[in-house]
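S.K.: Listed below are the residues making up each chain.
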Amino acid sequence: MNEEFEKQLRQQLRASEDSLDGPTLSRLHAARNRALDAAGQRREWQLTGTWLKAAAAAGVAGLTLFFGLRQPPGEVPLSATELESTLLAAAGGDEPASPVNGDQSAVEGEAAETLDLLENLEFYEWLSREAAEEQQT
Amino acid sequence: MVATDTLDSFLASVERRAFRMARLSTGDADAALDIVQDAMLKLVRSYRHRSPAEWAPLFHRILGNAITDWHRRQRHGDKVFDRWFGRRPDDEDALDKLPLPAAQQPERQLDLARNMAAVETAINGLSPRQQQAFMLRCWEGLSTAETAAVMDCSEGTVKTLYSRALHSLRATLATDLNT
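Note that the protein sequences, when read in sequence, are chains F and B. The first sequence: position 18 = 18 (our numbering), numbered continuously. The second sequence: position 35 = 172 (our numbering), numbered continuously.
Heads up, some of the hints might be wrong.
What the hints assert, rightly or not - Just some of the chain F residues that point at chain B, by a computed CB distance under 7 Å:
1) Glu6
2) Gly22
3) Ser26
4) Leu28
5) Arg32
6) Ala39
7) Ser85
8) Ala89
9) Leu117
Just so you know, the hints here were simulated from the structure itself, not pulled from any lab data. Nothing here was measured: the structure is a model prediction, and the numbers come from that model. For glycine and all other residues, C-beta sits at the position ideal for the given N, C-alpha and C.
Work out the full structure, taking the sequences as your base and the hints as a guide.
M.R.: Rendered as structure tokens:
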């Protein structure tokens, strides 16, 4: 008795799903597409974030290798203070540059590259943070 | 990675029913559309990587929560109204406490094809929890266990709510069709 009643109700309710009007169906379709688009955008962003992280890591590793290999053997590396003054000079600071090894233009070039690297590191860190926050939400 | 086509097919298979359920529960087509859209977005954002077999219970849980939130917001509006203009009786769970009507046998007279409005009115007469249990069990076809998971209650509670819902619907529809 109950089963027959349930069956009739179910049939009636499911049949009513087909009687929705055109505008409602259209809005439902649009809502579904928006949901799927949101998933697509999210996946795209996650992939972009992953690639950016990989590119940043590769860039840092490459620059480290580049500077490491360019250092002639036996040459004394820059001390922290010397490096700082060189960086300040390259960044247009008030203190005059005081190159220690090689000519001034070469050192300034390297310093500018190092400064770019440091600036990029902040950028890569920001990107990673954004991607991590995006993943959490 | 779940294919977008699979997700699209799932959402297409539930969207009309979800809308009808939300529309029945809220009595507001615009609110129902918003609720269904939010539920689809939440499912896609949070659970698209889950097995497709889990999507239906998850979707209905999200949908049920969204409908409950909508009712809460309405009640909050009512409370503000009551505070300013006097209290109105809150009969949200009153139907659960009423004695069950005597059993009748409406199915012989029941021609649901011509009486959808009566069915909707009868469903609207159920308490929110009875409505949810009825919709999930009878309409959506979820098992008792799945319904319990969606409603975050025991299977025994689902059985009780569903049984009372059916009982009440039978009585209401029998009365409506006899008059």
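S.K.: Each hint needs a verdict: does it hold in this structure or not?
M.R.: Hints versus structure:
A cut of 7 Å between beta carbons decides the hint on F:Glu6: the least distance to chain B is about 5 Å, and the hint holds. The interface hint given for F:Gly22 is violated, since its Cβ lies 13 Å from the closest Cβ of chain B, which is over the 7 Å cut-off. With its C-beta approaching chain B no nearer than about 11 Å, F:Ser26 sits outside the 7 Å limit, and its interface hint is violated. Interface restraint check: F:Leu28 against chain B, minimum CB-CB distance 5 Å, threshold 7 Å, status holds.
The criterion of a C-beta within 7 Å of any C-beta in chain B is met by F:Arg32, whose closest approach is roughly 5 Å, and the hint holds. Given the 7 Å rule on beta carbons, the hint for F:Ala39 holds: about 4 Å separates it from the nearest Cβ of chain B. About 51 Å separates the beta-carbon of F:Ser85 from the nearest beta-carbon of chain B, more than 7 Å, and the hint is not met. Using the Cβ-Cβ criterion of 7 Å, the hint placing F:Ala89 at the interface with chain B is not satisfied: the shortest such distance is roughly 50 Å.
Taken as an interface hint, F:Leu117 does not check out: its beta carbon lies about 35 Å from the nearest beta carbon of chain B, beyond 7 Å.
Consistency with the previously given hints fails for numbers 2, 3, 7, 8 and 9, ordered from lowest to highest.
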